[in-house]
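Q: The primary structure of each chain is shown beneath.
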Amino acid sequence: MTDFTAREMMAVAAARHIKDGDIVFCGTGISLLAAMAAKHISAPRSVIFFETGAIDAHLEELPLSVADSRIMYQVSVNGSLADAFATMQNRRTGRQVVGIIGAAQIDPYGNLNSTAIGDYFAPRVRLAGSGGACDVASLVNRTIIFMQHEKRKFVPRLDYLTTPGWIDGPGGRERLGLSRGGPYAVITNMAVMRFDDASRRMYLEGYFEKTTPGEVLQNMGFAVDVSRARPVPPPSPRELSVLRERCDPQRLILG
Amino acid sequence: MTDFTAREMMAVAAARHIKDGDIVFCGTGISLLAAMAAKHISAPRSVIFFETGAIDAHLEELPLSVADSRIMYQVSVNGSLADAFATMQNRRTGRQVVGIIGAAQIDPYGNLNSTAIGDYFAPRVRLAGSGGACDVASLVNRTIIFMQHEKRKFVPRLDYLTTPGWIDGPGGRERLGLSRGGPYAVITNMAVMRFDDASRRMYLEGYFEKTTPGEVLQNMGFAVDVSRARPVPPPSPRELSVLRERCDPQRLILG
Amino acid sequence: MEAGSDKVMSLREAVKRFVQDGSHVSIGGFTVSRNPMAAVYEIIRQKIRNLHLYAHSNGQGVDELIGGGCVSRLEIAYGGSGRFAPTCVRFRKAVERGEITVEDYTNYQMTLRFLAGAMGIPFLPTRSSLGTDIVRLWGFDETMRAVEEKVPDKKLVELENPFGQWGDTKTVILVPAVFPDVTILHVQQADEQGTARIEGLSFADIEQAKAARHVILTCEELVPTAVLRKNPGLNQIPFLHVDAVVPVPFGAYPTACYRYYDYDAAFLKAYRLAAQDDGRYGQYLERFIFSVKDHAGMLHRVGQEQLQRIKADTSRGYAVGLDRR
Amino acid sequence: MEAGSDKVMSLREAVKRFVQDGSHVSIGGFTVSRNPMAAVYEIIRQKIRNLHLYAHSNGQGVDELIGGGCVSRLEIAYGGSGRFAPTCVRFRKAVERGEITVEDYTNYQMTLRFLAGAMGIPFLPTRSSLGTDIVRLWGFDETMRAVEEKVPDKKLVELENPFGQWGDTKTVILVPAVFPDVTILHVQQADEQGTARIEGLSFADIEQAKAARHVILTCEELVPTAVLRKNPGLNQIPFLHVDAVVPVPFGAYPTACYRYYDYDAAFLKAYRLAAQDDGRYGQYLERFIFSVKDHAGMLHRVGQEQLQRIKADTSRGYAVGLDRR
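Residue numbers (the numbering used here), protein chains in the order written: chain A, 462 to 716; chain B, 462 to 716; chain C, 105 to 429; chain D, 105 to 429.
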């Protein structure tokens, strides 16, 4: 029962960062499981929110796209893309939104690349592009980033800056006019990273069972402070049962 | 049967300027009767349109405000104010809109005042203000103006310019960036005025039965060219019967 | 605000909590339709003063707030109530007497200002009003603007199109966002979480709600969440923006509420006559607002018979054949 | 266009009339929902070339138009189809091979660009993307922009807030309007005049339609005008913007059409496998597009059994319990 997968640990770690009353901008992978788990465990008044405009969807089955008909069932309002992004840019509601996003590359300040690997004009690998990621990271109060912990993904310099993090450190966002927000946590298959309040650089906050700070560092293309790192408590039986039985009984996302 | 009122003549004269396929922005007075009459007589495919967002209303009773519930019955789409004005500013639909508006003062170039008489900051008479008049006159292809023919209303200089006409003559609108539109006709209780293609100044195009160009001029605060003036044909029996029997059988607007 | 049933409260409580002397307020509706009249009367009854009011053409509600002495500043596009008052009477008197300061915009501009507020951006562009006195003459001067945090530093700004001739446009007018402290709407249906359903035209209600820091909804009917959620395509305002939900039958009276009741032409005409004379207007205020406890009390004064007359035909949405002369 | 029944035509005719080589086109839908797939297949079938395509995240339709060789330039926010293709396969190949030119935006920016087109203004402002390569790197260079009348002179423009700190905003990004030659949407219901009813989320369809010079609507059902007019609150697109109305049952297949059918997970998976190999992709095109006369022919190849499996549950709007692994 205390055995669990890395994906389960990631979903639980993210769920713990969702506060009651948060409006949770999520995608359709682990981020959705994190939002659902939080709602069932610690944040019953949080609201599941998709960039396509569905607000507080009643999810009887897991959607496989943020435009899946499953997210349209019994929502509060059937919005449009324009409505959804305005909700994030809005002075009242934007403050309540926590965005969960992913990327192909991340740098020490939490800036993200999801557009292209290599030269933008002749890419080695073309990726899907921003979608709503740049928008949510520009507009809302907090973003949580999901990453696979690999050296080629944690890079000192991005091939393309799709999504703004803390830019180049203290005051970086303010200087550009990004008046609020910034990355809050990076959750990987090995660890939870946070950003130092003073330097805005990534540091290791916690590492999962069966790994060590040293191993985490070995899987990154840049060094981070590990002096504050502590073990992340494994999923509790309750967290695991909610995740497995109430959120993804068919293991469509948990695999 | 050939006897008719000035209001009936005004409605008919305006209706004659509505073309098949026009989208007719109207208010709730004579302008609405003109739009309805045109639809029944010469422009069956014209569309009655209100600034509140009602498109192609099915009017079983006459509305007394552009927010009257009577305009919401069986429309194509229940829009918002934002939708309605975007329809006028839109590159495709804006070209098809003809706006019918009124005012308290008009100058020789068809600029209008519906805001205040006297000093704007200490007005002798405060009027309702622009509403949608300035918008429609700024955005659409053609406007038709209804006026009462009185010296104090046809003034050489407005107390306040609420609604742009031809501004100060040739090129006036273009210079300001008003890329299309301009007043097309002024219809009063005595006459139909148009604007000279070269000078953009008002001239007398036609005068109604029982009046003369001289009498028209006597009721204006500035002189206009009357050399092109001809008598306006009175309402035909068909025009009158449509107006009286199909548009306003209760004479709510016709009085 | 998050979901939850603690939003349902009395109108007295909602107004007390969210409307103070000097508040920046916007009200929904248009001329004689769906103005939040019960809330307007409650504001007058609570003798709230010095409101900064934003309106496009929300006729009757604006005129009564001004007549009730609650307003000191007004940003507006149109102060009329259709054929019942081509220019609202108390509005006109207050301006001519110098009792309120007015800043004029167009209907589209006020709509865009609420939309900009809803979108969380400082301004929106339009081609409307280029070359007019609406751009040239500011109701509020620079000194006042510099002092007042809730008023933008400029009224309207002309900008050369940074994309050249793109969109066949050389110049645009930028209209600044409005961020009211509170928006008050009357809607047909809402649930206890604050999701709202507006039937018929929505005017600028949705944008007004989303632009505001707080939202009070009065509604004809408080309905279960499951009912509204069954057809979300008919709902317009998500509960995220709403603070207070107040069920008030006939809450838009004497203005119309589509599919529920028509405007009361007789009342509106009597109102206009009273409004023309200060003495008679004082009697009107006393009889229908100050001497009654709440909206139900006001409706009682009006009488069942008059309310029955304006009941809407369910298929048409208005009172068919109503005498409106 | 005005009302009238002369808008109803075949899909072949509609595409012939409004889509030419080099046209600037936008399509509705989002990832695996309500893409106008019948029209996409007809465009491929008619071998139209060099389209300039605008998309936010209209996954499947975009990938098939690219795979069919119809696209030379693409303005896009996201080239993915949810979990069926985190990056669309033919899109990725075409970019990596240098077969198409791409200009990147965000989802909100593309939405605002359509909205600006719908509003008839040259640009809209947002705070999104400040400081990113989305602003810094242009897919189309200045020379191309100067030559092409249908492409704005600049990609994105940074503007200092002319209203000071109003809206807590120092700087905004201005995104230029898009004015497509034609927008193609698939909707649940339309009438012969072109009024359209979309059920479920509308994505950016409404804005895309209103931004365009011409609009082709394919619909699951052509319904009488009186039916749509009975509840206008459920309609979104007024007939004023629409040129062609084409009834095409399963017109969004293999993407989903809320309340009618689900996406076909099996087909989408087979598509992805075929897309990964040029040879297999050629066979796919031949089998499902070129060797059939129209969408009915394509659906016949898919087979009734597969279509039955994705029929939507009427109360939930999707196929309950569908095997989607």
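Incorrect hints may appear among the rest.
Stated by the list, open to error - Distance condition first, Cα-Cα at most 25 Å in a straight line; then the derived BS3-like pairs of lysine-lysine:
| id | chain 1 | residue 1 | chain 2 | residue 2 |
| --- | --- | --- | --- | --- |
| 1 | B | K614 | B | K671 |
| 2 | C | K120 | C | K334 |
| 3 | B | K612 | B | K671 |
| 4 | C | K274 | D | K254 |
| 5 | D | K397 | D | K373 |
| 6 | D | K151 | A | K614 |
| 7 | C | K197 | C | K151 |
| 8 | C | K334 | D | K415 |
| 9 | D | K151 | D | K334 |
| 10 | D | K415 | D | K373 |
| 11 | D | K415 | D | K397 |
| 12 | C | K254 | C | K274 |
| 13 | D | K373 | D | K197 |
| 14 | D | K258 | D | K120 |
| 15 | D | K274 | C | K258 |
| 16 | D | K334 | C | K415 |
| 17 | D | K334 | D | K373 |
| 18 | A | K671 | A | K614 |
| 19 | D | K334 | C | K334 |
| 20 | A | K612 | A | K671 |
| 21 | C | K274 | C | K258 |
| 22 | B | K614 | C | K274 |
| 23 | D | K197 | C | K274 |
| 24 | C | K254 | D | K274 |
| 25 | C | K397 | C | K415 |
| 26 | C | K258 | C | K151 |
Said to hold, decoys possible - Far from chain C by the CB rule (all over 12 Å, computed), these chain D residues:
| id | residue |
| --- | --- |
| 27 | K197 |
| 28 | G221 |
| 29 | P229 |
| 30 | G243 |
| 31 | P256 |
| 32 | T273 |
| 33 | Q412 |
Keep in mind the hints are simulated off the structure, nothing from the lab.
Values in this document were obtained by computation on a predicted structure and should not be read as measured data.
Using N, Cα and C, we set each Cβ at its ideal position, and we do this for glycine too.
Q: Against this structure, judge whether each hint is valid.
A: Going through the hints against the structure:
no. : hint                : result
1   : K614(B) <-> K671(B) : holds, 21 Å
2   : K120(C) <-> K334(C) : violated, 34 Å
3   : K612(B) <-> K671(B) : holds, 19 Å
4   : K274(C) <-> K254(D) : holds, 16 Å
5   : K397(D) <-> K373(D) : holds, 24 Å
6   : K151(D) <-> K614(A) : violated, 40 Å
7   : K197(C) <-> K151(C) : holds, 20 Å
8   : K334(C) <-> K415(D) : holds, 20 Å
9   : K151(D) <-> K334(D) : violated, 41 Å
10  : K415(D) <-> K373(D) : holds, 18 Å
11  : K415(D) <-> K397(D) : holds, 24 Å
12  : K254(C) <-> K274(C) : violated, 31 Å
13  : K373(D) <-> K197(D) : holds, 17 Å
14  : K258(D) <-> K120(D) : violated, 32 Å
15  : K274(D) <-> K258(C) : holds, 15 Å
16  : K334(D) <-> K415(C) : holds, 20 Å
17  : K334(D) <-> K373(D) : violated, 41 Å
18  : K671(A) <-> K614(A) : holds, 21 Å
19  : K334(D) <-> K334(C) : holds, 19 Å
20  : K612(A) <-> K671(A) : holds, 19 Å
21  : K274(C) <-> K258(C) : holds, 21 Å
22  : K614(B) <-> K274(C) : violated, 33 Å
23  : K197(D) <-> K274(C) : violated, 40 Å
24  : K254(C) <-> K274(D) : holds, 16 Å
25  : K397(C) <-> K415(C) : holds, 24 Å
26  : K258(C) <-> K151(C) : violated, 31 Å
27  : K197                : holds, 33 Å
28  : G221                : violated, 8 Å
29  : P229                : violated, 5 Å
30  : G243                : holds, 16 Å
31  : P256                : violated, 4 Å
32  : T273                : violated, 5 Å
33  : Q412                : holds, 26 Å
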